[in-house]
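Residue numbers (the working numbering), protein chains in the order written: chain A, 4 to 364; chain B, 124 to 552; chain C, 986 to 1245.
Treat the hints with caution; some may be incorrect.
[Said to hold, decoys possible] Mimicking DSS-like on lysine-lysine, the simulated pairs with C-alpha atoms at most 27 Å apart in a straight line are:
(1) 196/B - 186/B
(2) 191/A - 1179/C
(3) 306/B - 251/B
(4) 492/B - 276/B
(5) 1052/C - 326/A
(6) 191/A - 1113/C
(7) 365/B - 334/B
(8) 443/B - 519/B
(9) 124/A - 1113/C
(10) 227/B - 196/B
(11) 186/A - 1113/C
(12) 196/B - 251/B
(13) 306/B - 291/B
(14) 497/B - 276/B
(15) 312/B - 497/B
(16) 365/B - 492/B
(17) 186/A - 1133/C
(18) 186/B - 550/B
(19) 276/B - 312/B
(20) 124/A - 1049/C
(21) 365/B - 186/B
[As the list claims (entries may be wrong)] Okay, the calculated bits of chain A under chain C, using three or more residues with CB under 8 Å as the criterion:
(22) 67-77
(23) 82-90
(24) 196-202
In case anyone wonders, no lab produced these hints; they're calculated from the structure. All values derive from a computational prediction rather than experimental measurement. Positions of the beta carbon are idealized from the N, C-alpha and C atoms, including for glycine.
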Amino acid sequence: MNPRRLYRRFASEVLVLPGRTTVLAVCLVLLILPLFHRHPYTLRVLSLTFIFAIFAASWDLLSGFVGQLSLGHAIFFGVAAYTSALLNLQAGLPPLVTIPAGALVAVLMGLVVGIPCLRLKGQYLSLATMGFPIILTGLVYLFSDLTGGELGVSGLARLGPTRLSEYYIALVLVLGLGLIMWKITDSKVGLVFHAIREDEITARASGINTPLYKLLAFCLSGFFAGISGGLYSHFMRVAGPSTLSVLTSFQPVIWTIFGGVASIYGAIAGTFVLYPLMEFLRVAPELRTLIFAALVVLVLRFMPEGLTPWFIDRVESECPRCKEHNAVTRRTCRVCGAPLGRPSAPGAGPFQPGKGGRVAG
Amino acid sequence: MTRKRWAALILVVTLLLTTFSVTGCGKAAAPKVIKIAVAGPMQFIQGQHHWLGAQMAAEEINKAGGVTVGNKKYNIELVQVDTNELLSVDDAASAVEKAITVNKVNAIIGTIRSEASMAIQEVAMDNKTIMMVCGASLPQMAEKVGKDYNRYKYWFRVTPVNATYLVKASMLLLNHVGGVFRKELGIQKPKVAAIIEKAVAGDPLAAAAAKLIPTFGMEFVGVWRPSPTATDLTAELTAIRKAGAQIIYTYFSATAGVPYAKQWGELQIPAASVGINVEAQAKGFMQATGNKGNYEYTLNTYAPVQITPKTLPFYEEFTKRAGQFPTYNAGTYDAIYIYKEAIERAKSLDPEAVVPELEKTNYLSAAGKIVFNKNHDVTWGPGYVTALGTQWQDGKLVAVWPNGWEGITYPGTVDYKLPPWVVSQWKKK
Amino acid sequence: MVTPPEASNLLEVRGLTVCYDTAMLLNNVSLSVGRGELVGLVGPNGAGKTTLLRTVAGLVRWEKQSKQGTRAGNITIAGEVRFDGERIDSLPPHVIARRGLVLCPERRRPFTELTVADNLMAGAYLQKDRRALRETLDMVHQMFPVLKQRARQISGTLSGGEQQMLAIGRALMTRPRLLCVDEPSTGLSPLVKKELFAKISEINRRGITVLLVEQDTALTLSVCARSYVLSHSRIVASGARQDLLADQTVHRSYLGLQSP
Chain A
4 MNPRRLYRRF ASEVLVLPGR TTVLAVCLVL LILPLFHRHP YTLRVLSLTF IFAIFAASWD
64 LLSGFVGQLS LGHAIFFGVA AYTSALLNLQ AGLPPLVTIP AGALVAVLMG LVVGIPCLRL
124 KGQYLSLATM GFPIILTGLV YLFSDLTGGE LGVSGLARLG PTRLSEYYIA LVLVLGLGLI
184 MWKITDSKVG LVFHAIREDE ITARASGINT PLYKLLAFCL SGFFAGISGG LYSHFMRVAG
244 PSTLSVLTSF QPVIWTIFGG VASIYGAIAG TFVLYPLMEF LRVAPELRTL IFAALVVLVL
304 RFMPEGLTPW FIDRVESECP RCKEHNAVTR RTCRVCGAPL GRPSAPGAGP FQPGKGGRVA
364 G
Chain B
124 MTRKRWAALI LVVTLLLTTF SVTGCGKAAA PKVIKIAVAG PMQFIQGQHH WLGAQMAAEE
184 INKAGGVTVG NKKYNIELVQ VDTNELLSVD DAASAVEKAI TVNKVNAIIG TIRSEASMAI
244 QEVAMDNKTI MMVCGASLPQ MAEKVGKDYN RYKYWFRVTP VNATYLVKAS MLLLNHVGGV
304 FRKELGIQKP KVAAIIEKAV AGDPLAAAAA KLIPTFGMEF VGVWRPSPTA TDLTAELTAI
364 RKAGAQIIYT YFSATAGVPY AKQWGELQIP AASVGINVEA QAKGFMQATG NKGNYEYTLN
424 TYAPVQITPK TLPFYEEFTK RAGQFPTYNA GTYDAIYIYK EAIERAKSLD PEAVVPELEK
484 TNYLSAAGKI VFNKNHDVTW GPGYVTALGT QWQDGKLVAV WPNGWEGITY PGTVDYKLPP
544 WVVSQWKKK
Chain C
986 MVTPPEASNL LEVRGLTVCY DTAMLLNNVS LSVGRGELVG LVGPNGAGKT TLLRTVAGLV
1046 RWEKQSKQGT RAGNITIAGE VRFDGERIDS LPPHVIARRG LVLCPERRRP FTELTVADNL
1106 MAGAYLQKDR RALRETLDMV HQMFPVLKQR ARQISGTLSG GEQQMLAIGR ALMTRPRLLC
1166 VDEPSTGLSP LVKKELFAKI SEINRRGITV LLVEQDTALT LSVCARSYVL SHSRIVASGA
1226 RQDLLADQTV HRSYLGLQSP
């Protein structure tokens, strides 16, 4: 494609919206960061942030988008971590093979979890999901000869030859997989997921095979969570029962809710903010968790729907006529030319049938 | 208009990052200081003992003039690292990486949770930093030194003796009690019940108990597996009594050890209790059991006996400072001394020079003579670290083993006492 | 009773009986809808009209399956439902929808968080052929121009009448052969109701068979050539428009004075 055309397309799809431009800016900063700052500790924290962001996004896909609230998401993370670890240790396979293999096992796990959960709704579904990591933990301890019991599996190959390479592997994956997940939600499949979340009965009556799609959601979510589990085990070089812990299950929930559910980028943004924050708070070791919790609660008080919706609301506004998003600084819509007011301005509400789409005043 | 603003934003962020990298974060170690990171879960007792033991050693050494490296004197500076390892493994690893790469410590001591200790081991070995474990006990960590010496040579374990030896030692305690049954009660083949908490480490032990106990000339009557955090063990104890057990072999690493001992004393179960009960190592045990915990007999690392000339002063000072008896985590005290001596022999702080000297360690610590085997693991055995058998008698925790075992009796050791109700139940008239 | 010859019946319901626990919601109900017809089903509140549509669409059987093991799962279904000659009693709802029997449920129920355009696309989920999709969309836009205007609007912010049109539009996107509409006029003003019913007639004129369930008896009888009256879970009357209007039973059921 002609570079000028490409740039114009890029400008019209990305640069016009402050939200997307910010995402781009953050990505660029992260990509070039190591040119200025290569401290292994910083790279470690960021690499783990990226790995956990994939995990959080996978949770959002299942729980935020399809409404199947999973409180035992560690099952996918842990089963993939153990699988990739064992394949690496026992069969000598490299991370390039073990990580996708672990993710595939997590997909199977998606079926194992999803099928019983098809009939369940609400709290019962969530409780049921909590059971699976507990069961697997029990199995881990039962077969401790194979799994190393409480010690876990260790002596794994590194994710990459250097810390810097590990950083880039994690970064490229979070950006790539995040984009893929976002594309899924933006596609027809995503539409179906949204419909199922809102009103499963109507979706069924519209001809959608909802159980099939719910299983698909479990499997997709399991896949991406599994990738993050495999990345984790090779980064830490140990895979143990902590990968199946309650904390592991709850962290993506917190990060995603903080960042904004049902958007994928919200989960990623939430993790990008909260995980390094928790690390930064190490300066006050006794008060760390308390300060963290207090901050989260305080922030949510001002951003009740999470970080990204709040942010988008600050920098973008919706055209009352054509509903396209515009930069908040614009006075007329970039698509239909209608005058833009602040969302709370009078006359910008819903319309009476029969009238045209015009803003009063 | 908008595009310019975003460009400006990107520029500002980039400038910030540049200044950040130029000023850097973390200085090189200040001259004449050896930085040692004490890594443990500081909100819990294990981490607190890590810290207190290390503190004691650092203060003593600094007061006595510090560490001599070649012709310079260095002070020890401790860096407290709260690993939060009981809750999160990646948190622990990041904390240690920060200590090494940002605070630039020379060595790491501590850790308790095995899975986290492994992850921390990887971080320390990546950075070629000396790591001395005082808490995590699984043997597999040491095997790595043998398998990949060049990478793992910086790793050593100071306490406790690894899990294999702990089990062996606890079995010796069982035999000790068995011997007392034969001698004092005339029972040649005592009946033994095992009560082993339902947790990881307990599983192989439960299997081993059934096999080994008959080989000691005793009769195995069954194993009971309560939850590690159980609060009511009357069911198990009643069943054990019904089985006619005369000795109970225990393994409790968590809170169930308290209600177990309390109910055992209250119900006066006619069986002597011996084995591992971590709660019974604590000063508050008598109070926690409502004074019913007398005669409970557990494996321990420290007691007020003279294993070596260092033991009693250490025990008393630690108990004074902490208000608690030292557990094996307090072995950081010895670890720092061992490290100091290795540095002084090597005349250098360079890990490449210190490691060979650490390997030559032959140190009389508060727990016994510490010598590392080829896997850099603390050696167990007569003449080395044997561990102790400690029993509660009249509300006091005393050492009762080794008492002539392999010719060893530490000064201050007293005789084991069978609970009187056990004697009256089983003594052959 | 006037019944068209069976061979051309698109929908044939025979002896349908549905019980939820001990409550009998449908009692031996039989009706038929011929190809190209616009058939009405009226009756008082709680007569069982919605249950009939839901059963025909397969939703009651699905509810029974998914609630197995709970107290609400004690549902029994007896009788026969044939669509275009084939039995559909045991098929899941999405398969029935794919065969061409599409339900537009009561209380409208668009996917409120999605835009109008997305709602229509959700209905078009079954369509693989892009051209056919385009054509169907154009047809829906022609019929309901407001849907084209409001394409990007979040459907939760539409007015009641617009939402109903959207629900029907979404059902049309699946290119149904039989469209079952459940009480579309609920909560709408008389003017909007009239407009809506005119659209339904138009849909029928375009060749789509329609089974219209309604509370507003007068309006329904006025647009449907043939109707059934359901009262207390039974069919109490059926026939051509003029016959029903003259029938006393209809008035009784409508006014609810006496149960048969």
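Next item on the list: With a cut-off of 27 Å on the C-alpha distance, tell me whether residue 306/B and residue 251/B pass.
Entry: 54 Å, violated
Next item on the list: Would you mind confirming whether the straight-line C-alpha gap from residue 124/A to residue 1049/C stays at or under 27 Å?
Entry: With Cα atoms ~15 Å apart, residue 124/A and residue 1049/C stay inside 27 Å; holds.
Item checked: Verdict on chain C covering the segment 67-77 of chain A, where coverage means 3 or more residues with a C-beta closer than 8 Å -> Since 0 is below three, the answer is violated.
Check: Taking only the CA atoms, is the gap from residue 124/A to residue 1113/C under or equal to 27 Å?
Finding: Since the Cα atoms of residue 124/A and residue 1113/C sit roughly 31 Å apart, the hinted pair is violated (cutoff 27 Å).
Next item on the list: Examine the segment 82-90 of chain A for residues whose CB is less than 8 Å from any CB of chain C, and state whether their number is three or more.
Entry: violated (count 0)
Checklist line | Pairwise hint evaluation, residue 1179/C against residue 191/A, where the allowed Cα distance is 27 Å at most | finding: 35 Å, violated
Margin query: Check the hint pairing residue 306/B with residue 291/B against an upper bound of 27 Å on the C-alpha distance.
Written below: Status holds; Cα separation ~23 Å.
Check: Given the proposed pairing of residue 492/B with residue 276/B, does the C-alpha separation stay at or below 27 Å?
Finding: Status holds; Cα separation ~21 Å.
Check: For the pair supplied as a hint, residue 186/A and residue 1133/C, is the alpha-carbon distance within the 27 Å limit?
Finding: 25 Å, holds
Next item on the list: Go check the segment 196-202 of chain A versus chain C for me, would you? Three or more residues, Cβ under 8 Å, otherwise it fails.
Entry: holds (count 4)
Next item on the list: Verify the proposed pairing of residue 443/B with residue 519/B, using a straight-line Cα cut of 27 Å.
Entry: This hinted pair holds, its Cα atoms lying about 16 Å apart.
Notebook entry, point to check: Does residue 251/B lie within 27 Å of residue 196/B when you go C-alpha to C-alpha?
Noted result: Measuring from Cα to Cα gives roughly 24 Å; hence the hint holds.
Violated hints, listed in ascending order, are 2, 3, 5, 9, 15, 16, 18, 19, 21, 22, 23; each of the other numbered hints is respected by the structure.
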